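Kindly produce the complete structure, drawing on both the sequences and the hints.
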Amino acid sequence: MTENTATQSTAPLGAAPGKLSDSRPPTMNADERTTLLAFLDYLREAVIAKVDGLGDEDARRPGVASGTSLLWLVRHLTVVEHNWFEWAYGGLGEQGPVDSEAAVPADLTVAAAVAAYRDAIARANAVAQAAPDLDRPGARSLRPDAAEGPSLRWVLVHMIEETGRHAGHADIIREQLDGAVGR
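Heads up: the sequence shown begins at 1 in UniProt numbering, then just goes up one per residue.
No lab work stands behind these hints: they were computed from the structure. Note that the structure is a prediction, hence the values are computed from the model and not measured.
Estimated spans, in silico, between C-beta atoms of each pair:
| hint | residue 1 | residue 2 | range |
| --- | --- | --- | --- |
| 1 | 64 | 145 | 27 to 33 Å |
| 2 | 107 | 157 | 34 to 40 Å |
| 3 | 65 | 130 | 38 to 44 Å |
| 4 | 172 | 98 | 19 to 25 Å |
| 5 | 132 | 66 | 37 to 43 Å |
| 6 | 26 | 153 | 15 to 21 Å |
| 7 | 153 | 29 | 16 to 22 Å |
For glycine and all other residues, C-beta sits at the position ideal for the given N, C-alpha and C.
Printed below as a string of C-alpha coordinates:
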(Lines of atoms letter the chains of each structure in order from A and count residues from 1; the text may use other names and numbers.)
(Lines give C-alpha, C1' and ligand atoms only; values in the text may rest on other atoms or scores of the structure.)
Protein backbone atom coordinates (compact mmCIF):
# COMPACT_ATOMS: atom_id res chain seq x y z
CA MET A 1 0.00 0.00 0.00
CA THR A 2 1.40 3.40 -0.91
CA GLU A 3 1.45 6.25 1.52
CA ASN A 4 -0.96 9.09 0.68
CA THR A 5 1.36 12.07 0.88
CA ALA A 6 0.66 15.37 -0.84
CA THR A 7 3.12 17.87 -2.12
CA GLN A 8 2.08 21.11 -3.71
CA SER A 9 3.30 21.69 -7.23
CA THR A 10 4.10 25.27 -8.04
CA ALA A 11 6.81 24.38 -10.52
CA PRO A 12 7.07 26.32 -13.76
CA LEU A 13 6.05 24.75 -17.05
CA GLY A 14 8.35 21.96 -18.07
CA ALA A 15 9.52 21.32 -14.49
CA ALA A 16 9.60 17.86 -12.98
CA PRO A 17 6.14 16.44 -12.29
CA GLY A 18 4.67 17.02 -8.85
CA LYS A 19 1.94 15.37 -6.87
CA LEU A 20 -1.23 17.02 -5.69
CA SER A 21 -3.23 15.54 -2.85
CA ASP A 22 -4.61 12.16 -3.84
CA SER A 23 -7.95 11.81 -2.11
CA ARG A 24 -10.37 8.95 -2.63
CA PRO A 25 -14.15 8.96 -3.08
CA PRO A 26 -16.17 8.83 0.13
CA THR A 27 -17.09 5.49 1.63
CA MET A 28 -20.25 5.41 3.64
CA ASN A 29 -23.50 3.72 4.36
CA ALA A 30 -25.92 6.62 4.19
CA ASP A 31 -29.23 7.59 2.66
CA GLU A 32 -29.38 8.42 -1.04
CA ARG A 33 -29.31 12.22 -0.73
CA THR A 34 -26.32 12.15 1.63
CA THR A 35 -24.47 9.72 -0.64
CA LEU A 36 -25.12 11.72 -3.81
CA LEU A 37 -24.08 14.99 -2.16
CA ALA A 38 -20.93 13.36 -0.74
CA PHE A 39 -19.84 12.16 -4.18
CA LEU A 40 -20.63 15.54 -5.72
CA ASP A 41 -18.67 17.33 -2.97
CA TYR A 42 -15.74 14.97 -3.56
CA LEU A 43 -15.68 15.87 -7.26
CA ARG A 44 -16.07 19.58 -6.53
CA GLU A 45 -13.04 19.45 -4.25
CA ALA A 46 -11.10 17.56 -6.94
CA VAL A 47 -11.70 20.47 -9.34
CA ILE A 48 -10.67 23.03 -6.72
CA ALA A 49 -7.50 21.04 -5.98
CA LYS A 50 -6.46 21.38 -9.62
CA VAL A 51 -6.12 25.17 -9.34
CA ASP A 52 -4.54 25.09 -5.90
CA GLY A 53 -1.02 26.47 -6.01
CA LEU A 54 -1.36 27.90 -9.52
CA GLY A 55 -0.88 31.54 -10.36
CA ASP A 56 -3.62 33.41 -12.19
CA GLU A 57 -1.71 33.39 -15.48
CA ASP A 58 -1.20 29.61 -15.45
CA ALA A 59 -4.81 28.99 -14.42
CA ARG A 60 -6.10 30.95 -17.42
CA ARG A 61 -3.66 29.34 -19.87
CA PRO A 62 -5.56 27.11 -22.33
CA GLY A 63 -4.49 23.51 -21.98
CA VAL A 64 -6.24 22.13 -25.04
CA ALA A 65 -7.03 23.25 -28.59
CA SER A 66 -10.59 24.25 -27.62
CA GLY A 67 -9.15 27.00 -25.41
CA THR A 68 -10.37 25.47 -22.15
CA SER A 69 -8.39 26.59 -19.11
CA LEU A 70 -8.59 25.62 -15.46
CA LEU A 71 -10.00 29.05 -14.62
CA TRP A 72 -12.67 28.63 -17.31
CA LEU A 73 -13.63 25.23 -15.87
CA VAL A 74 -14.06 26.65 -12.35
CA ARG A 75 -16.13 29.57 -13.67
CA HIS A 76 -18.23 27.23 -15.86
CA LEU A 77 -18.96 24.90 -12.94
CA THR A 78 -19.89 27.89 -10.77
CA VAL A 79 -22.52 28.94 -13.31
CA VAL A 80 -23.75 25.37 -13.80
CA GLU A 81 -24.19 24.89 -10.02
CA HIS A 82 -26.31 28.04 -9.89
CA ASN A 83 -28.31 27.28 -13.02
CA TRP A 84 -29.30 23.72 -12.10
CA PHE A 85 -29.77 23.95 -8.34
CA GLU A 86 -30.94 27.51 -7.71
CA TRP A 87 -32.49 28.69 -10.96
CA ALA A 88 -33.92 25.49 -12.48
CA TYR A 89 -34.66 23.32 -9.45
CA GLY A 90 -35.27 25.97 -6.81
CA GLY A 91 -36.81 28.63 -9.05
CA LEU A 92 -34.52 31.25 -7.51
CA GLY A 93 -32.74 34.23 -9.06
CA GLU A 94 -31.79 34.76 -12.67
CA GLN A 95 -30.29 32.23 -15.04
CA GLY A 96 -26.52 32.51 -15.31
CA PRO A 97 -24.74 32.97 -18.64
CA VAL A 98 -24.52 30.08 -21.05
CA ASP A 99 -21.07 28.85 -22.07
CA SER A 100 -20.80 31.07 -25.12
CA GLU A 101 -21.36 34.08 -22.83
CA ALA A 102 -19.16 32.86 -19.98
CA ALA A 103 -15.72 34.06 -21.04
CA VAL A 104 -13.28 34.41 -18.17
CA PRO A 105 -13.02 38.11 -17.23
CA ALA A 106 -9.48 39.47 -17.57
CA ASP A 107 -9.40 40.48 -13.90
CA LEU A 108 -10.71 37.18 -12.46
CA THR A 109 -8.20 35.62 -10.06
CA VAL A 110 -7.93 32.02 -8.95
CA ALA A 111 -8.84 33.06 -5.39
CA ALA A 112 -11.96 34.92 -6.54
CA ALA A 113 -13.03 32.09 -8.86
CA VAL A 114 -12.64 29.48 -6.12
CA ALA A 115 -14.49 31.69 -3.61
CA ALA A 116 -17.37 32.14 -6.07
CA TYR A 117 -17.43 28.39 -6.75
CA ARG A 118 -17.48 27.57 -3.04
CA ASP A 119 -20.31 30.07 -2.55
CA ALA A 120 -22.30 28.50 -5.40
CA ILE A 121 -21.67 25.05 -3.90
CA ALA A 122 -22.94 26.17 -0.48
CA ARG A 123 -26.11 27.61 -2.03
CA ALA A 124 -26.61 24.50 -4.18
CA ASN A 125 -26.21 22.21 -1.17
CA ALA A 126 -28.71 24.33 0.77
CA VAL A 127 -31.27 23.89 -2.03
CA ALA A 128 -30.60 20.15 -2.14
CA GLN A 129 -30.91 19.79 1.65
CA ALA A 130 -34.12 21.85 1.80
CA ALA A 131 -35.97 19.80 -0.83
CA PRO A 132 -38.62 17.58 0.75
CA ASP A 133 -37.52 14.54 -1.25
CA LEU A 134 -35.48 13.52 -4.28
CA ASP A 135 -38.50 12.91 -6.53
CA ARG A 136 -40.21 16.32 -6.54
CA PRO A 137 -39.84 18.09 -9.91
CA GLY A 138 -37.96 21.36 -9.87
CA ALA A 139 -39.41 24.75 -10.82
CA ARG A 140 -38.16 24.59 -14.43
CA SER A 141 -35.58 23.02 -16.67
CA LEU A 142 -32.60 24.40 -18.53
CA ARG A 143 -33.78 22.30 -21.45
CA PRO A 144 -36.37 24.19 -23.51
CA ASP A 145 -38.14 21.00 -24.66
CA ALA A 146 -38.76 19.72 -21.10
CA ALA A 147 -42.38 19.60 -19.94
CA GLU A 148 -41.36 20.09 -16.31
CA GLY A 149 -38.29 20.60 -14.20
CA PRO A 150 -36.18 17.55 -13.38
CA SER A 151 -36.26 15.87 -10.00
CA LEU A 152 -33.59 16.65 -7.44
CA ARG A 153 -32.28 13.11 -7.97
CA TRP A 154 -31.78 13.87 -11.68
CA VAL A 155 -30.06 17.20 -10.90
CA LEU A 156 -27.70 15.53 -8.42
CA VAL A 157 -26.81 12.69 -10.79
CA HIS A 158 -26.38 15.14 -13.68
CA MET A 159 -24.10 17.36 -11.59
CA ILE A 160 -22.02 14.35 -10.54
CA GLU A 161 -21.61 13.51 -14.24
CA GLU A 162 -20.92 17.14 -15.24
CA THR A 163 -18.45 17.80 -12.44
CA GLY A 164 -16.74 14.43 -12.88
CA ARG A 165 -16.30 15.05 -16.59
CA HIS A 166 -14.74 18.44 -15.95
CA ALA A 167 -12.60 17.11 -13.09
CA GLY A 168 -11.08 14.77 -15.68
CA HIS A 169 -10.48 17.70 -18.02
CA ALA A 170 -8.86 19.57 -15.13
CA ASP A 171 -6.60 16.56 -14.43
CA ILE A 172 -5.27 16.65 -17.97
CA ILE A 173 -4.89 20.43 -18.17
CA ARG A 174 -3.05 20.63 -14.84
CA GLU A 175 -0.69 17.82 -15.80
CA GLN A 176 0.05 19.58 -19.09
CA LEU A 177 0.72 22.85 -17.27
CA ASP A 178 3.24 21.70 -14.69
CA GLY A 179 3.23 17.92 -14.50
CA ALA A 180 1.21 17.82 -11.26
CA VAL A 181 -0.94 14.72 -10.89
CA GLY A 182 -3.35 13.40 -8.28
CA ARG A 183 -7.04 13.54 -7.46
